[in-house]
Amino acid sequence: MGLARLDQLAQEYPLKVTYMSYYLRPDIPPEGHIRKLKAGEKAGDPLTGHIGDVADAAGLIMRRARITPNTRMAFEASEYAKDMGCFEDFHRACYRALWEDGLDLGQLSVLQQLGEKVGLDSQEMKSVLNTSQYTAQTKKQYEEAISMGINGIPSFIIDGYFFSGAQPYETFKRVVEMMKGYKRSRLA
Numbered sequence: 129m130g131l132a133r134l135d136q137l138a139q140e141y142p143l144k145v146t147y148m149s150y151y152l153r154p155d156i157p158p159e160g161h162i163r164k165l166k167a168g169e170k171a172g173d174p175l176t177g178h179i180g181d182v183a184d185a186a187g188l189i190m191r192r193a194r195i196t197p198n199t200r201m202a203f204e205a206s207e208y209a210k211d212m213g214c215f216e217d218f219h220r221a222c223y224r225a226l227w228e229d230g231l232d233l234g235q236l237s238v239l240q241q242l243g244e245k246v247g248l249d250s251q252e253m254k255s256v257l258n259t260s261q262y263t264a265q266t267k268k269q270y271e272e273a274i275s276m277g278i279n280g281i282p283s284f285i286i287d288g289y290f291f292s293g294a295q296p297y298e299t300f301k302r303v304v305e306m307m308k309g310y311k312r313s314r315l316a
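So for the sequence shown, our numbering puts the first residue at 129; every next one is plus one.
Hint data in this document are derived by calculation from the structure and do not stem from the laboratory.
A couple of the hints might just be wrong.
Below, simulated SDA-like cross-link-like pairs (lysine to any residue); rule was C-alpha separation at most 20 Å, straight line [as the list claims (entries may be wrong)]:
| hint | residue 1 | residue 2 |
| --- | --- | --- |
| 1 | 144 | 282 |
| 2 | 144 | 220 |
| 3 | 144 | 217 |
| 4 | 245 | 282 |
| 5 | 301 | 138 |
| 6 | 254 | 272 |
| 7 | 301 | 141 |
| 8 | 144 | 254 |
| 9 | 144 | 245 |
| 10 | 254 | 274 |
| 11 | 301 | 186 |
| 12 | 210 | 149 |
| 13 | 268 | 247 |
| 14 | 308 | 290 |
| 15 | 267 | 151 |
| 16 | 308 | 136 |
| 17 | 166 | 181 |
| 18 | 170 | 225 |
| 19 | 301 | 288 |
| 20 | 210 | 260 |
| 21 | 301 | 166 |
| 22 | 245 | 229 |
| 23 | 245 | 217 |
| 24 | 254 | 236 |
Given these sequences and hints, build the entire structure.
Spelled out as C-alpha cells, the structure:
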C-alpha cells in the first residue's frame with residue numbers, strides 16, 4: 129500500500145525514495161509459518177476490514193496468504209536487484225507474487241523466477257544469495273529502522289518526519305506540504 133501512495137505522490141512532487149529492509153516478523157522460521165485462517169476464510173480470498181478497504185481504495189489486490197514467509201532472502205534479493213538497477217520492478221513483482229498470487233517469498237526458486245521476469249540472471253541471484261553477500265547489509269538496515277523507532281510496516285520518513293501505517297493519500301500530501309513550508313521558513 130505504501131508503494132501505491134508513493135506512486136501517487138510522485139505525480140505531484142519530486143521524490144527521492146530510499147527503501148530499507150525491515151523484518152516485520154524476524155521470528156518466522158526459514159520455512160515460513162502456515163497461517164491459521166478464521167472460520168469461513170480461505171487462502172486467496174480478498175482481504176477484508178480496514179486493510180482490505182485501504183487496498184481497494186488504492187486500487188490494489190490483496191488476498192489472504194496461506195503462509196507468512198521468512199523474508200530475509202527476499203530482502204537480500206531486493207538488494208541484489210538494487211545493485212543490478214532493477215529494484216523497482218523486482219519490488220513490485222514481489223508484491224504481486226505475495227499479495228495477488230499467494231507465492232512464498234521465502235523460497236529461492238520463487239525469487240529466481242521473479243528476478244528472471246524483471247531481467248535478472250537467476251543463477252547469479254542464486255549464487256549471490258547462497259553466499260549471504262547481502263545479509264549484513266539488510267541486518268544493518270533493520271537495526272537502523274529499529275533505532276529510528278520503526279516497529280511496523282509500511283513506515284515512512286519524509287525529511288525527518290516519521291509516520292507509519294496504511295495512511296490515506298491526504299496524510300502523505302499534508303506531510304509533504306508541511307515539510308515544504310518548514311524548509312521555506314528555515315530559509316527565510
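Comparing the hints with the structure gives:
For the proposed pair residue 144 and residue 282, the alpha carbon gap of about 17 Å is at most 20 Å, so the pair holds. A hinted pair counts as satisfied when its Cα atoms are at most 20 Å apart, and residue 144 with residue 220 qualifies at roughly 17 Å. Restraint check for residue 144 and residue 217: the C-alpha separation of about 16 Å stays at or below 20 Å, so the hint holds. Distance hint between residue 245 and residue 282 is unfulfilled; the C-alpha atoms sit about 25 Å from each other, more than 20 Å.
For the given pair, residue 301 sits about 10 Å from residue 138 by alpha-carbon distance, which is consistent with the 20 Å threshold. Distance hint between residue 254 and residue 272 is unfulfilled; the C-alpha atoms sit about 27 Å from each other, more than 20 Å. Only pairs whose Cα atoms come within 20 Å are accepted, and residue 301 paired with residue 141 is accepted, the gap being roughly 9 Å. The suggested pairing of residue 144 with residue 254 is violated, with an alpha-carbon distance near 30 Å, which exceeds 20 Å.
The straight-line distance between the Cα atoms of residue 144 and residue 245 is roughly 25 Å, outside the 20 Å bound, and the hint therefore fails. Proximity of residue 254 to residue 274 is assessed by CA-CA distance (about 29 Å); at most 20 Å being required, the pair is judged violated. For a cut-off of 20 Å, the pair hint linking residue 301 to residue 186 stands: about 15 Å separates their Cα positions. At roughly 12 Å between alpha-carbon atoms, residue 210 and residue 149 fall within 20 Å of each other, so this suggested pair holds.
Among the hinted pairs, residue 268 with residue 247 is inconsistent with the structure: their alpha-carbon atoms are about 27 Å apart, more than 20 Å. Only pairs whose Cα atoms come within 20 Å are accepted, and residue 308 paired with residue 290 is accepted, the gap being roughly 15 Å. A hinted pair counts as satisfied when its Cα atoms are at most 20 Å apart, and residue 267 with residue 151 qualifies at roughly 9 Å. Taken as a hint, the residue 308 and residue 136 pair is honoured in the structure, with Cα atoms around 18 Å apart against an allowance of 20 Å.
Our distance criterion of 20 Å between C-alpha atoms is met by residue 166 and residue 181, whose separation comes to about 19 Å. Simply put, residue 170 and residue 225 have alpha-carbon atoms about 17 Å apart, close enough for the 20 Å limit, and the pair holds. With a C-alpha separation of about 15 Å, the suggested pairing of residue 301 with residue 288 holds against the 20 Å cut-off. Proposed proximity of residue 210 and residue 260 is supported: the alpha carbons are some 16 Å apart, at most 20 Å.
With a C-alpha separation of about 36 Å, the suggested pairing of residue 301 with residue 166 is violated against the 20 Å cut-off. Between residue 245 and residue 229, the direct Cα distance comes to roughly 15 Å. Compliance with the 20 Å bound is thereby established for this hinted pair. Straight-line distance between C-alpha atoms of residue 245 and residue 217 comes to about 9 Å, which keeps the hinted pair within the 20 Å bound. Simply put, residue 254 and residue 236 have alpha-carbon atoms about 7 Å apart, close enough for the 20 Å limit, and the pair holds.
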